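There are 4 protein chains.
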Amino acid sequence: MTSKGLAIIAGVGPGTGASIARRFAKLYSVVLLSRSPSNFEPLVQEINSSGGKAIGISTDVSDANSVKSAFDEIEKQFPDSPLAASIFNAAGGFVRKPFLELTDEEYSTGLDSQAKAGFYFAQRSLPLLLKARESSPHPPTLIFTGATASIKGSAQFAAFASGKFALRALAQSLAREFGPQGIHVSHAIIDGIIDIPRTKQWVLPHEDAKLSPDSIADSYWYLHTQPRTTFAFELDLRPYIEKW
Amino acid sequence: MTSKGLAIIAGVGPGTGASIARRFAKLYSVVLLSRSPSNFEPLVQEINSSGGKAIGISTDVSDANSVKSAFDEIEKQFPDSPLAASIFNAAGGFVRKPFLELTDEEYSTGLDSQAKAGFYFAQRSLPLLLKARESSPHPPTLIFTGATASIKGSAQFAAFASGKFALRALAQSLAREFGPQGIHVSHAIIDGIIDIPRTKQWVLPHEDAKLSPDSIADSYWYLHTQPRTTFAFELDLRPYIEKW
Amino acid sequence: MTSKGLAIIAGVGPGTGASIARRFAKLYSVVLLSRSPSNFEPLVQEINSSGGKAIGISTDVSDANSVKSAFDEIEKQFPDSPLAASIFNAAGGFVRKPFLELTDEEYSTGLDSQAKAGFYFAQRSLPLLLKARESSPHPPTLIFTGATASIKGSAQFAAFASGKFALRALAQSLAREFGPQGIHVSHAIIDGIIDIPRTKQWVLPHEDAKLSPDSIADSYWYLHTQPRTTFAFELDLRPYIEKW
Amino acid sequence: MTSKGLAIIAGVGPGTGASIARRFAKLYSVVLLSRSPSNFEPLVQEINSSGGKAIGISTDVSDANSVKSAFDEIEKQFPDSPLAASIFNAAGGFVRKPFLELTDEEYSTGLDSQAKAGFYFAQRSLPLLLKARESSPHPPTLIFTGATASIKGSAQFAAFASGKFALRALAQSLAREFGPQGIHVSHAIIDGIIDIPRTKQWVLPHEDAKLSPDSIADSYWYLHTQPRTTFAFELDLRPYIEKW
Chain G
1 MTSKGLAIIA GVGPGTGASI ARRFAKLYSV VLLSRSPSNF EPLVQEINSS
51 GGKAIGISTD VSDANSVKSA FDEIEKQFPD SPLAASIFNA AGGFVRKPFL
101 ELTDEEYSTG LDSQAKAGFY FAQRSLPLLL KARESSPHPP TLIFTGATAS
151 IKGSAQFAAF ASGKFALRAL AQSLAREFGP QGIHVSHAII DGIIDIPRTK
201 QWVLPHEDAK LSPDSIADSY WYLHTQPRTT FAFELDLRPY IEKW
Chain Y
1001 MTSKGLAIIA GVGPGTGASI ARRFAKLYSV VLLSRSPSNF EPLVQEINSS
1051 GGKAIGISTD VSDANSVKSA FDEIEKQFPD SPLAASIFNA AGGFVRKPFL
1101 ELTDEEYSTG LDSQAKAGFY FAQRSLPLLL KARESSPHPP TLIFTGATAS
1151 IKGSAQFAAF ASGKFALRAL AQSLAREFGP QGIHVSHAII DGIIDIPRTK
1201 QWVLPHEDAK LSPDSIADSY WYLHTQPRTT FAFELDLRPY IEKW
Chain R
2001 MTSKGLAIIA GVGPGTGASI ARRFAKLYSV VLLSRSPSNF EPLVQEINSS
2051 GGKAIGISTD VSDANSVKSA FDEIEKQFPD SPLAASIFNA AGGFVRKPFL
2101 ELTDEEYSTG LDSQAKAGFY FAQRSLPLLL KARESSPHPP TLIFTGATAS
2151 IKGSAQFAAF ASGKFALRAL AQSLAREFGP QGIHVSHAII DGIIDIPRTK
2201 QWVLPHEDAK LSPDSIADSY WYLHTQPRTT FAFELDLRPY IEKW
Chain H
3001 MTSKGLAIIA GVGPGTGASI ARRFAKLYSV VLLSRSPSNF EPLVQEINSS
3051 GGKAIGISTD VSDANSVKSA FDEIEKQFPD SPLAASIFNA AGGFVRKPFL
3101 ELTDEEYSTG LDSQAKAGFY FAQRSLPLLL KARESSPHPP TLIFTGATAS
3151 IKGSAQFAAF ASGKFALRAL AQSLAREFGP QGIHVSHAII DGIIDIPRTK
3201 QWVLPHEDAK LSPDSIADSY WYLHTQPRTT FAFELDLRPY IEKW
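Taken in sequence, the protein lines are chains G, Y, R and H. Heads up: the first sequence begins at 1 in my numbering, then just goes up one per residue. Heads up: the second sequence begins at 1001 in my numbering, then just goes up one per residue. Heads up: the third sequence begins at 2001 in my numbering, then just goes up one per residue. Heads up: the fourth sequence begins at 3001 in my numbering, then just goes up one per residue.
No lab work stands behind these hints: they were computed from the structure. Misleading hints may appear alongside valid ones.
Said to hold, decoys possible - DSS-like, lysine-lysine: derived pairs with alpha carbons at most 25 Å apart: (1) K3097(H) with K1243(Y); (2) K1131(Y) with K2097(R); (3) K3004(H) with K3053(H); (4) K2097(R) with K243(G); (5) K2243(R) with K97(G); (6) K3243(H) with K2131(R); (7) K2076(R) with K2131(R); (8) K1097(Y) with K2068(R); (9) K1243(Y) with K3152(H); (10) K68(G) with K3097(H); (11) K3097(H) with K131(G); (12) K2152(R) with K2243(R); (13) K2097(R) with K1068(Y); (14) K3068(H) with K97(G).
Since the structure is predicted, the reported quantities are computational estimates derived from the model, not experimental observations.
Generate the whole structure from the sequences, applying the supplied hints.
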């Protein structure tokens, strides 16, 4: 494969992030950001050994300096690759407990791991995406991963919902500011349990009641390939059997 | 091409409906419903002469009997084809005028051409879609075309918005009832001017400021191909330059 | 009491409509519209015998001619009373059943008893409300009663949700068109079971788990008294214990 | 006046907060929180000299320790007063500028001054509100002030919208957790320019095109007086002339 550009994926573990990385690696060099190298190392190896190009950078996306270092490294390693897609899929901040038991730190983490991390990531991605408008094979794309909690604040979900609502506000604001500049900003609401190693043992009443991470990745890829005449901002993905 | 099943498209003129028909005709036999044969005849010919299979049936989708006749005819002509996709793209009912100048008939037409037509179409489509679950190459799919007015009631848009809000209610209700039965029900919000013959002379400040009907069709096709673990219910499509 | 104007309430039975009538009768003459005189007669008597002024007019609000006759009668009986408030609280159209068992008539009734009735009622009310701007003690007000189904299309609720979504579209459209002309248009989402004679025997896990019709009426009165600098368009009312 | 309990208002300047304080001071002792004593001193004097009871506490609501100190002080000064209402009306965090020019600090401030401040305030208020359920004249109430940016992320509003979306998530989550426990949690969307000293010189095309802070306060009071059978969660307030 000759790489047609670059895709950065923030939040890569053995689940959705890995599927997204594999999907975008079919056309692009991919950069995987995760706090722990153990999260991206097997995947980097897998992609590189199957004809793709991947690197991983240990990054704490909720830390401004860490994000800065990661992007400095990316620009050094890929000085000539247009940034075709930047995907914010960071987990973190999830906590479910009675409101009066939440610590200040848990609430802060809920906000920072989504909203602040999304902010740092977007601020470093957008200049590169803008620069890539002529050379990217598809309109440069910035996608944020949302959840049910992005549009509904449920009991015991104050911290997580605050972070996810804020991330959606960020995505909307960027779509309205950078859409007219030719950048495709999208927000995907993942509404259900994703079928990943961590949820394997969760037995549901129906056998295929979990979201497929590969299909989520296909949706992100589909969003990326839309022409600028026909951008989708938001789509909600859920298993057929999900109550909503 | 060997047809893998059937797709029915209600509302076919020289715009989005035609693009949808062409897209779905790559895999399926297509049935085109429109009041006037002049709306579907050139397209039927085009598809049949390029290796696809298409028929047109003159239908007033806001008339229960007309929809009944159309589906009776479809079942007669395609007794063995599984209904893979049924797409409600009917126009009609659009009127923009001061509320106190709206006639009873204009308001009724706004409702009937969307909500009642959508109801008749869905009631005849769903039994066929349910029957096709084993044989359709992708989960049987029912898609409704919405508009900005599906989620915002603007001044002077009472009639059109009432019809489009009602159609969205129908789509949501069906997604929640038939999703768990394996049918993919979706609603697409088309937010902007579509680039069709009728709008060709509308000059906008940016040259590519209109939605591409082929790209809308690609989105519908993408929705159709999603596996049931990962159904999207709603997506909003607009030109990059659109204010929203 | 000297009546300061007129209030018309469409949809008056022994529940919310009666509470609204009693509340508005403290300042205004009230006109009660209901299909069956037995719905308004006791209330008319009650209000008149306690110092207020009320009349009832047998009206089918989903029938254009019936609404026309009612308003002709109102204008004849109250030629000099400014219309201070017009409240659309009509029931009807509720049906809950599997979609494929819905008859055409049930779906039509769902739409017509809300959307078309709301349209007829608004079209006859608005000219009178506009005329009352100088003389009404509070900004002339048009309120629509919504439900959970106004914003959520649930399984088996296609007919009712279609009517309620459409009614909300109508309300939004009117608020945006007539707000700037000084008319206060509002939409109240009633989310829960109302404590009325018909629901008395429904035993819920908590004793005060039903909405108080008098409190709903207080909310409508509150909306009516807002100055035009500070209009509320929408509010959602539910029992403290309600899941949402 | 004999105080029937306590109301705490966070965010008191010469605008909405002052109107809320005056309104709630008719029945309750009021505690005014603001960073600068100059914001509350004249109001404290005004209320105390007109027969009410008010104190001010210099507080930075986005600082956990400052909020802690303020509530410790409140509990010391009013050991026996039930907390009837707690109102989060803190300003701060507003910034409008191109996204790429936002500093990390501006974005953090947008989040912290709304979401984190709202969190600290709610965590200290709720135990007192729960304790007041038997003795408060109306259901203990927690109200959050929102804005247009609570439901729409506009271009150049990423920081402010993130904070306001997150605050709404918090409010929803609390309404769903504490509503069933008898606490009335509400969120008011203030959509327009408020008529306060700072905006006096902003000339709009219509003379009464700004929201009245006293009317906003009336709405908050109205919310507070609703019985628990009939709680409103959200209402949107705007001038009649406002585009939305």
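Evaluated hints:
With a C-alpha separation of about 18 Å, the suggested pair K3097(H) and K1243(Y) falls inside the 25 Å cut-off, and the hint holds. For the proposed pair K1131(Y) and K2097(R), the alpha carbon gap of about 21 Å is at most 25 Å, so the pair holds. As the CA atoms of K3004(H) and K3053(H) are separated by approximately 11 Å, the hinted pair is consistent with the 25 Å bound. About 18 Å separates the Cα atoms of K2097(R) and K243(G), which keeps this hinted pair within 25 Å; it holds.
Note on K2243(R) and K97(G): the hinted pairing holds, with a Cα-Cα distance of about 18 Å set against a maximum of 25 Å. For the hint linking K3243(H) to K2131(R), the alpha-carbon distance of about 23 Å falls within 25 Å, and the restraint holds. For the hint pairing K2076(R) with K2131(R), the CA-to-CA distance comes to about 16 Å; that is within 25 Å, so the pair holds. Only pairs whose Cα atoms come within 25 Å are accepted, and K1097(Y) paired with K2068(R) is accepted, the gap being roughly 21 Å.
With a CA separation close to 13 Å, the supplied pair K1243(Y) and K3152(H) stays within the 25 Å bound. At most 25 Å may separate the alpha-carbon atoms for a hinted pair to count; K68(G) and K3097(H) meet this at roughly 21 Å. For a cut-off of 25 Å, the pair hint linking K3097(H) to K131(G) stands: about 21 Å separates their Cα positions. Proximity of K2152(R) to K2243(R) is assessed by CA-CA distance (about 14 Å); at most 25 Å being required, the pair is judged to hold.
Among the hinted pairs, K2097(R) with K1068(Y) is consistent with the structure: their alpha-carbon atoms are about 21 Å apart, no more than 25 Å. With a CA separation close to 21 Å, the supplied pair K3068(H) and K97(G) stays within the 25 Å bound.
Checked against the numbered hints listed earlier, the structure breaks none of them; every hint is satisfied.
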